[in-house]
Amino acid sequence: MSSQPSLVHARGLTKRYANGFTAVDGVDFDVRPGKAFGFLGPNGAGKTSTMRMIACSSPVTEGTLSVIGMDPRTQAREIKAKLGVVPQIDNLDTELSVRENLEMYARYFDIPREVASKRTDELLEFVQLDERAKDRVEPLSGGMKRRLTIARALINDPDLVILDEPTTGLDPQARHLLWERLYQLKRRGATLIITTHYMDEAEQLCDHLVVMDKAKIVAEGSPRQLIDDHATREVLELRFTDATRAALNGKLDGLADRIEELPDRHLLYTDNGEHTLEQVNQRQIPIESALVRRASMEDVFLRLTGRSLVE
Amino acid sequence: MTTLAASGHVWQRNWLVYKRLWYRSLAFGFLQPVLFLTAMGIGIGALLSTDDLTAFGGVPYIDWLGPGLLSAMAMQTATFESTYPIMNKIMWGRNYEAMLSTPLGVRSIVIGELAWMAFRIGSLAAIFLMVLTAFGITRSPLAILAVPVAMLIGTSFAACLVAFTATQKNDVGFSAIFRFVVNPLFLFSGTFFPLTQLPDALQAIAWATPLFHGVQLVRGLVLSDLNLAAAPLHLAYLLVMLGVGVVLADRNLRRRMAG
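If you're matching them up, the sequences are chains A and B in order.
Following my numbering, the numbering of the first sequence begins with -8 at its first residue and continues without gaps.
Following my numbering, the numbering of the second sequence begins with 44 at its first residue and continues without gaps.
Wrong hints could be hidden among the right ones.
Derived pair list, reagent style BS3-like, types lysine-lysine, alpha-carbon separation capped at 27 angstroms [what the hints assert, rightly or not]:
1. A/LYS26 <-> A/LYS177
2. A/LYS109 <-> A/LYS205
3. B/LYS62 <-> A/LYS125
4. A/LYS109 <-> A/LYS125
5. A/LYS109 <-> B/LYS62
6. A/LYS73 <-> A/LYS26
Cβ-Cβ distance ranges computed for the label pairs, FRET-style [what the hints assert, rightly or not]:
7. A/THR65 <-> B/TYR127: 32 to 38 angstroms
8. B/SER183 <-> A/ALA124: 48 to 54 angstroms
9. A/ASN10 <-> B/TYR127: 27 to 33 angstroms
10. A/GLN119 <-> B/THR81: 51 to 57 angstroms
Covered stretches of chain A, going by a simulated chain B footprint (3 or more residues, C-beta under 8 angstroms) [what the hints assert, rightly or not]:
11. 46 to 52
12. 66 to 74
13. 95 to 109
14. 237 to 247
Hints are computed from structural coordinates only; laboratory data are not their basis.
From the three backbone atoms N, C-alpha and C, an ideal C-beta is built for every residue, glycine too.
Looking at chain A on its own, in the form it has when it is part of the complex (with noise of 0.2 angstroms):
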């Protein structure tokens, strides 16, 4: 670990909720100063209540829990004051125009007006939606919505913004715009909390990972160390007809490090998919179809909890 001061540091933080449903339970973790640290894992897991914790709008059950260096339970008003969030539902002001809406969330921050007028005219430029400044928010699509929000995430000149699945419900091209800004925000030099479900996303933007399933943290990394850790260097991907995979009982044994069995494909973790599917055509099992590919957060996440991200 590096001696760099963490900018949020939790340990054994705890959600439990007044029906007595434990949403968080004890994790431990440290978010580095200009770094993009994501948590991966399914609906239910807990990132979205471990990231209302961390932005003060959820309180602390138990465990210790330091934002910039403050505490949320008595530091709550500072710390929000020096947070971007950008929230998994959109909560824009859809009674205020576009502009407006930057401008009257810079006035909560108590900006002075001169320099929210200008910070608005820098943001709206960085999302690119400079042309729709005076549009009510209403009719604006889905990813232009959410990069309003991100703008509005930013009129503070946050130290640490958080994001709570970014780009869930866009569509592929609005997702790989607010990525392009997102990795231009990191280059910049901001501290992101991302959470998310989807596996392309966390390796995209991610420099370090947790992965959360059932309320705890499972595996912790950098994309690419966990994908060492957890998976091998390549996966092939074998679909049988359902005669063939019936009279399957063990003809793929010893083929690869592991065989994961899904409902519609086997997965051989290997470190050389191409010689393992020679293997495999050598055993005479007839194939429908074949696919090498590199292993993925997707197959890091089967392993260590047995399910998919995105069910």
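For this one, chain A is given, so just place chain B on it according to the hints.
Below, chain B alone, put in the same frame as chain A:
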């Protein structure tokens, strides 16, 4: 940032939305008393015997009715403003969630919203009072004090209703509020007829409800016959209601938003 400055931002947000359509709201605020006074005061009032006006304190029915309607308007505006729009900001539009991600706190939101409603009701009450004056109903310059009293009536109701709204998961409860709280108060608070017309038991109940006290104050100020012995009691009732409402609204909204 002080709570007061923060409340100012909440107020300002509402102003930003309102100022685009202010004339509509004010035109409606003008039209409504004119229609009511014409229909009820002149229409119905003309049917009442002019020989015996003692029940109305010796003034024509329209004069007696006008201040009552002003008070009821304050309650009704407050009721509307603190149900659907507040619910929208809690759960449909999620405005409060967005605000609470900034240094704004729940207390600033509650105070800012109530200050906003006070402003809205105050401006409507001022228009109402102008209409009353045009109808020749106001008796003294002190009638101007009916405006702050209307603001007090409005915010007392608003604070309690914001506290209620903060506990609601959908808008079903609102129709119950309109039917079983607002409408009976509108009808039985000495707005349209003197409470002495009611059986004793009902009179006692009416005495215990808030709008009655507001009506007494506004009517006394407008007609310049305020009962100085009872006035502090009426005022105290509304102030206590406001205080309790603010505490509950703050508590309930805090719980709701942390949930």
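How the hints compare with the structure:
Restraint check for A/LYS26 and A/LYS177: the C-alpha separation of about 7 angstroms stays at or below 27 angstroms, so the hint holds. With a C-alpha separation of about 44 angstroms, the suggested pair A/LYS109 and A/LYS205 falls outside the 27 angstroms cut-off, and the hint is violated. About 16 angstroms separates the Cα atoms of B/LYS62 and A/LYS125, which keeps this hinted pair within 27 angstroms; it holds. Using a Cα cut-off of 27 angstroms, the hinted pair A/LYS109 and A/LYS125 holds, with the two alpha carbons roughly 16 angstroms apart.
Pair hint A/LYS109 plus B/LYS62 holds up; C-alpha atoms about 23 angstroms apart against a cutoff of 27 angstroms. As the CA atoms of A/LYS73 and A/LYS26 are separated by approximately 16 angstroms, the hinted pair is consistent with the 27 angstroms bound. The hinted range of 32 to 38 angstroms is satisfied by A/THR65 and B/TYR127, whose Cβ atoms lie roughly 36 angstroms apart. The supplied range of 48 to 54 angstroms is met by B/SER183 and A/ALA124, whose beta-carbon atoms lie about 52 angstroms from each other.
For the pair A/ASN10 and B/TYR127, the supplied restraint of 27 to 33 angstroms holds, since their beta-carbon distance comes to about 28 angstroms. At roughly 56 angstroms, the beta carbons of A/GLN119 and B/THR81 sit within the given window of 51 to 57 angstroms. Here's how the stretch 46 to 52 of chain A fares: 4 of its residues keep a CB closer than 8 angstroms to some CB of chain B, so the rule of at least three is met and the hint holds. Note: the stretch 66 to 74 of chain A has 5 residues with beta-carbon separation from chain B under 8 angstroms; the three-residue rule is met and the coverage holds.
Figure legend: the stretch 95 to 109 of chain A, annotated as covered by chain B; annotation consistent (6 residues with Cβ-Cβ distances under 8 angstroms, at least 3 required). Counting residues of the stretch 237 to 247 of chain A whose beta carbon lies closer than 8 angstroms to any beta carbon of chain B gives 0, which falls short of the minimum of three for the stated coverage.
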